[in-house]
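Q: One-letter residues, chain by chain:
2 protein chains.
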Amino acid sequence: MARIKMVIEYDGSEYHGFQMQNNAETVQEELEKGIRKLTGAETRLICAGRTDAGVHALGQVIAFDSCASIPAERWGMALNSVLPEDIRVRFSALAADDFNPRFHALRKTYSYLIYRKKERALFYRRYALCSTENLNIISMRQACDYLLGRHNFSAFCASGNSSKTFEREVYACSLESTEKRLIFKITANGFLYNMVRIIVGTLLEIGRGKYQPEHMERLIIARDRTRAGPTAPPQGLYLHEVEY
Amino acid sequence: MARIKMVIEYDGSEYHGFQMQNNAETVQEELEKGIRKLTGAETRLICAGRTDAGVHALGQVIAFDSCASIPAERWGMALNSVLPEDIRVRFSALAADDFNPRFHALRKTYSYLIYRKKERALFYRRYALCSTENLNIISMRQACDYLLGRHNFSAFCASGNSSKTFEREVYACSLESTEKRLIFKITANGFLYNMVRIIVGTLLEIGRGKYQPEHMERLIIARDRTRAGPTAPPQGLYLHEVEY
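Residue numbers (the numbering used here), protein chains in the order written: chain A, 984 to 1227; chain B, 984 to 1227.
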């Protein structure tokens, strides 16, 4: 028996999120089906971050145990040969027997893509929030700075959160801006349920001038979800990287 | 009765090409269904270039007649409100009564996108040819130069072509190269059936070193389809612009 770890990419458009559910196609189901095709064994895998329906991954990490004779570094190619084309293994390797991609993650990075042009927006409809509204990028960047550090992020947590504490530490937070795109990127030791999407919804309200950048700090202090912005749609969100 | 012209964009992934067919969803069908929803009238439209299944458009041009009271420049917004999200009107205006987007076109430009990285390729699977092979860009550019000017392009024409002459004039032809992408762009007074895709298939053979750049010139002279490259897949092709 060996524990295999993999870094995977997927287009979440066609899936009801990562995790196994009744009567709904999930990324996990496709991966476990693929492993079964290769080994004949029923396998349950663990992932680093359970992404929601429509959310994508560039660097999701998974782990599972297998008795198959496939060498760990060949597992990626083998699994790719039986996976649908919207899920790809980027890397596979042998992991420690007790490796848990979720609990051992030290830092996770999510990115959120906003496409800002009318032209060609339809090609981004599954992969970005498409918005041509005027946004004050400087205000949005100032608001980002308040997120840095260790805070209680209750204001940015949807109901259904399963963790015991609302405290997280944000290590990095940036907003890259080009003529066509805005890319919000945030790195933390962990994230609450819908935290990135609620932060993006709040940043958009600040960008529109509905609130000043200091609104972000007030929200963190107030811990009141009802005063934060709406949850931004899933298709702009990417699980970018998980570090151990 | 007024003739309306429109510039439209579409994601061809879900359609069996532009033109009306039996028992298959087409872009034309969606557009005519939309016009019917707005006006109640059965309308037949004409397009500038009948794209194949999976081929996209950034600047397709269409025209149709309508007795509806919708002002020509408002037609775009009106139609967008009833079209599926993978077809968008970019512009609408009144046209001359005899305007024919196909026969009056002076220049058409197609582009073909090749995505060259393994990373994130799955997000391009509907929108590019994904290939990580080594290609000699300099050779490919030299081959492009042979396409310029007026030639008989029989070697680059699939069976099923409906035009009487195989002569076309290529006004511009370029290959833009970045780390991630190759963008082939070609402007001509018209194109034969599958011409751009066969040219791209031939350019790829030259890029791989199977042939020298002069191969392109020899093919034009020989007029022999069997010696040209394979037809490149549809998902990389975009009807970029039509000029009148």
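Take these hints with a grain of salt, some might be off.
Intra- or inter-copy, both count: the list cannot distinguish identical chains.
[Stated by the list, open to error] Calculated pairs, DSS-like style, for lysine-lysine (alpha carbon to alpha carbon, straight line, at most 27 Å): (1) Lys1147 - Lys1101; (2) Lys1168 - Lys1020; (3) Lys1016 - Lys1101; (4) Lys1163 - Lys1020; (5) Lys1193 - Lys1020; (6) Lys1168 - Lys1100; (7) Lys1147 - Lys1020; (8) Lys1193 - Lys1101.
It should be emphasised that the hints constitute simulated quantities derived from the structure, not laboratory data.
Q: Is it within a copy, between copies, both, or neither that the alpha carbon of Lys1147 lies no farther than 27 Å from that of Lys1101?
A: Classified as neither; 42 Å inside a copy, 39 Å across copies.
Q: What label fits Lys1193 with Lys1020 when the C-alpha limit is 27 Å: within, between, both, or neither?
A: neither (53 Å within a copy, 38 Å between copies)
Q: At 27 Å max between alpha carbons, let me know whether Lys1147 reaches Lys1020 within a copy, between copies, both or neither.
A: neither (37 Å within a copy, 53 Å between copies)
Q: Go through the copies and call it for Lys1163 and Lys1020: within, between, both or neither, with a Cα cutoff of 27 Å.
A: neither (42 Å within a copy, 33 Å between copies)
Q: Within a copy, between copies, both or neither: which one fits Lys1168 and Lys1100 at a CA-CA cutoff of 27 Å?
A: Result: close both inside a copy and across copies, 20 Å intra and 22 Å inter.
Q: Under a CA distance limit of 27 Å, which applies to Lys1193 and Lys1101: within one copy, between copies, both, or neither?
A: For Lys1193 and Lys1101, the Cα distance is within 27 Å only inside one copy (23 Å; across copies 41 Å).
Q: How do Lys1016 and Lys1101 come out at 27 Å by Cα distance, when the copy is not named: within, between, both, or neither?
A: between (39 Å within a copy, 23 Å between copies)
Q: Please work out whether the CA atoms of Lys1168 and Lys1020 approach to 27 Å or closer within one copy, between two copies, in both situations, or in neither?
A: Neither way: Lys1168 and Lys1020 sit 36 Å apart in one copy and 42 Å across, limit 27 Å.
Of the numbered hints given earlier, the model fails hints 1, 2, 4, 5 and 7; all others are met.
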